[in-house]
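Student: Residues per chain, in single letters:
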Amino acid sequence: GQQVMQIPQYQHVQEGEDFTTYCNSSTTLSNIQWYKQRPGGHPVFLIQLVKSGEVKKQKRLTFQFGEAKKNSSLHITATQTTDVGTYFCAGGDYKLSFGAGTTVTVRA
Amino acid sequence: DGGITQSPKYLFRKEGQNVTLSCEQNLNHDAMYWYRQDPGQGLRLIYYSQIVNDFQKGDIAEGYSVSREKKESFPLTVTSAQKNPTAFYLCASRPTGFRGGAKNIQYFGAGTRLSVL
Numbered sequence: 001g002q003q004v005m006q007i008p009q010y011q012h013v014q015e016g017e018d019f020t021t022y023c024n025s026s027t028t029l030s031n032i033q034w035y036k037q038r039p040g041g042h043p044v045f046l047i048q049l050v051k052s053g054e055v056k057k058q059k060r061l062t063f064q065f066g067e068a069k070k071n072s073s074l075h076i077t078a079t080q081t082t083d084v085g086t087y088f089c090a091g092g093d094y095k096l097s098f099g100a101g102t103t104v105t106v107r108a
Numbered sequence: 109d110g111g112i113t114q115s116p117k118y119l120f121r122k123e124g125q126n127v128t129l130s131c132e133q134n135l136n137h138d139a140m141y142w143y144r145q146d147p148g149q150g151l152r153l154i155y156y157s158q159i160v161n162d163f164q165k166g167d168i169a170e171g172y173s174v175s176r177e178k179k180e181s182f183p184l185t186v187t188s189a190q191k192n193p194t195a196f197y198l199c200a201s202r203p204t205g206f207r208g209g210a211k212n213i214q215y216f217g218a219g220t221r222l223s224v225l
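First to last, the protein sequences are chains E and A.
The numbering of the first sequence is the working numbering, which starts it at 1 and goes up by one.
The numbering of the second sequence is the working numbering, which starts it at 109 and goes up by one.
If you are wondering where the hints come from, they were derived from the structure by calculation, not from laboratory data.
Note that CB positions come from ideal geometry on N, CA and C, so glycine has one too.
Some hints here could point you the wrong way.
Said to hold, decoys possible - Computed list of chain E residues with no C-beta within reach of chain A, every gap over 10 Å:
no.	residue
1	Gln11
2	Thr20
3	Ile76
4	Thr79
As the list claims (entries may be wrong) - Quick list of in silico lysine to aspartate or glutamate cross-link-like pairs, EDC-like style, CA-CA up to 20 Å:
no.	chain 1	residue 1	chain 2	residue 2
5	A	Lys178	A	Asp146
6	E	Lys95	A	Asp162
7	E	Lys36	A	Asp146
What the hints assert, rightly or not - If you want a taste of the chain A side facing chain E, the calculated C-beta under 8 Å gives, among others:
no.	residue
8	Tyr118
9	Ala139
10	Pro147
11	Gln149
12	Gly150
13	Leu151
14	Leu153
15	Tyr156
16	Gln158
17	Leu198
18	Asn212
19	Ile213
20	Gln214
21	Gly217
22	Ala218
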């Protein structure tokens with residue numbers, strides 16, 4: 001079955017620095033979705049990418065879908081304490097396969 | 109105020125006991141899902157339902173059961189056959205059909221934390 005892997009599992013970032021988290025699929029994806037889960041909370045949808053090579057931005061967050069539609073990345077610039085949480089990528093249609101997530105902590 | 113409501117927020121199970129987690133949505137979504145989340149891990153699919161009176165096993169269905177008698181409700185029973193039930197359980201729903209925006213987005217409830225006494 002479809003497997004989605006994320007790296008790194010943990011990301012410790014100094015406030016103000018940039019970082020990137022990566023998502024890789026064993027199969028070609030029709031779309032990739034990204035969710036954010038704050039500590040103690042539930043996953044909340046951030047964005048969906050559908051087209052090969054697509055890039056979307058949300059303020060300091062930049063999401064990219066690979067040309068082969070088998071990988072994706074999330075880049076955060078000038079990290080803030082509000083960015084703390086776990087970021088999940090997920091691929092699929094009516095049934096999503098979630099990656100294990102990248103848990104982000106921020107040093108002030 | 110539309111959304112997904114899970115109850116209870118915390119639940120404790122005794123040995124050999126079945127417990128039922130509630131999930132209700134007023135978003136008029138056809139599809140509903142149950143996931144299990146363990147510390148440091150992603151979401152694993154337990155069961156899903158794309159329409160009333162129909163549901164399918166996910167990746168880790170053993171020891172769990174569900175029903176879908178109403179569109180709004182998708183309760184999950186954790187049976188005594190589930191030997192390691194301690195986890196965070198998340199219910200989600202999804203609108204079916206393309207509605208002009210991103211499709212196949214899942215909306216999550218606040219979750220139920222289940223522990224074993």
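Student: State for each hint whether it applies.
Tutor: Okay, the hints, checked on the actual structure:
1. Every CB of chain A is more than 10 Å from the CB of Gln11 (chain E) (nearest about 13 Å), matching its label as outside the interface.
2. Look at Thr20 (chain E): its CB is around 19 Å from the nearest CB on chain A, clear of 10 Å, so calling it non-interface holds up.
3. For Ile76 (chain E), the requirement that its beta carbon stay farther than 10 Å from each beta carbon of chain A is met, with the minimum near 19 Å.
4. Every beta carbon of chain A lies more than 10 Å from that of Thr79 (chain E), the smallest distance being close to 21 Å; the non-interface claim holds.
5. A distance of roughly 29 Å separates the Cα atoms of Lys178 (chain A) and Asp146 (chain A); the hinted pair therefore is violated under the 20 Å criterion.
6. Taken as a hint, the Lys95 (chain E) and Asp162 (chain A) pair is honoured in the structure, with Cα atoms around 15 Å apart against an allowance of 20 Å.
7. For a cut-off of 20 Å, the pair hint linking Lys36 (chain E) to Asp146 (chain A) stands: about 16 Å separates their Cα positions.
8. A hinted interface residue such as Tyr118 (chain A) counts as satisfied when its beta carbon comes closer than 8 Å to some beta carbon of chain E; here the least separation is about 12 Å, so the hint is violated.
9. Against a cut-off of 8 Å between C-beta atoms, the interface hint on Ala139 (chain A) holds, since the closest Cβ of chain E lies about 6 Å away.
10. With a cut of 8 Å, the hint placing Pro147 (chain A) at the interface with chain E is violated, because the nearest CB-to-CB distance is about 10 Å.
11. Taken as an interface hint, Gln149 (chain A) checks out: its beta carbon lies about 6 Å from the nearest beta carbon of chain E, inside 8 Å.
12. Because the closest C-beta pair between Gly150 (chain A) and chain E is about 4 Å apart, less than 8 Å, the hint holds.
13. The closest approach between the C-beta of Leu151 (chain A) and any C-beta of chain E is roughly 4 Å, which is under the 8 Å cut-off, so the hint is satisfied.
14. A distance limit of 8 Å between C-beta atoms decides the matter here; for Leu153 (chain A) the minimum to chain E is near 7 Å, and the interface restraint holds.
15. Checking Tyr156 (chain A) against chain E by beta carbon gives a least distance of about 6 Å; that is within 8 Å, so the hint holds.
16. At a threshold of 8 Å, the smallest CB-CB gap from Gln158 (chain A) to chain E is about 6 Å, leaving the interface hint in force.
17. A cut of 8 Å between beta carbons decides the hint on Leu198 (chain A): the least distance to chain E is about 6 Å, and the hint holds.
18. A least Cβ separation of about 5 Å between Asn212 (chain A) and chain E falls short of the 8 Å threshold, and the interface hint therefore holds.
19. The beta carbon of Ile213 (chain A) comes within 5 Å of a beta carbon in chain E, closer than 8 Å, and the hint placing it at the interface holds.
20. Residue-level restraint check for Gln214 (chain A) holds (minimum Cβ-Cβ distance to chain E is 6 Å; threshold 8 Å).
21. Taking 8 Å as the C-beta cut-off, the interface hint given for Gly217 (chain A) holds, the closest approach to chain E being about 6 Å.
22. At a threshold of 8 Å, the smallest CB-CB gap from Ala218 (chain A) to chain E is about 5 Å, leaving the interface hint in force.
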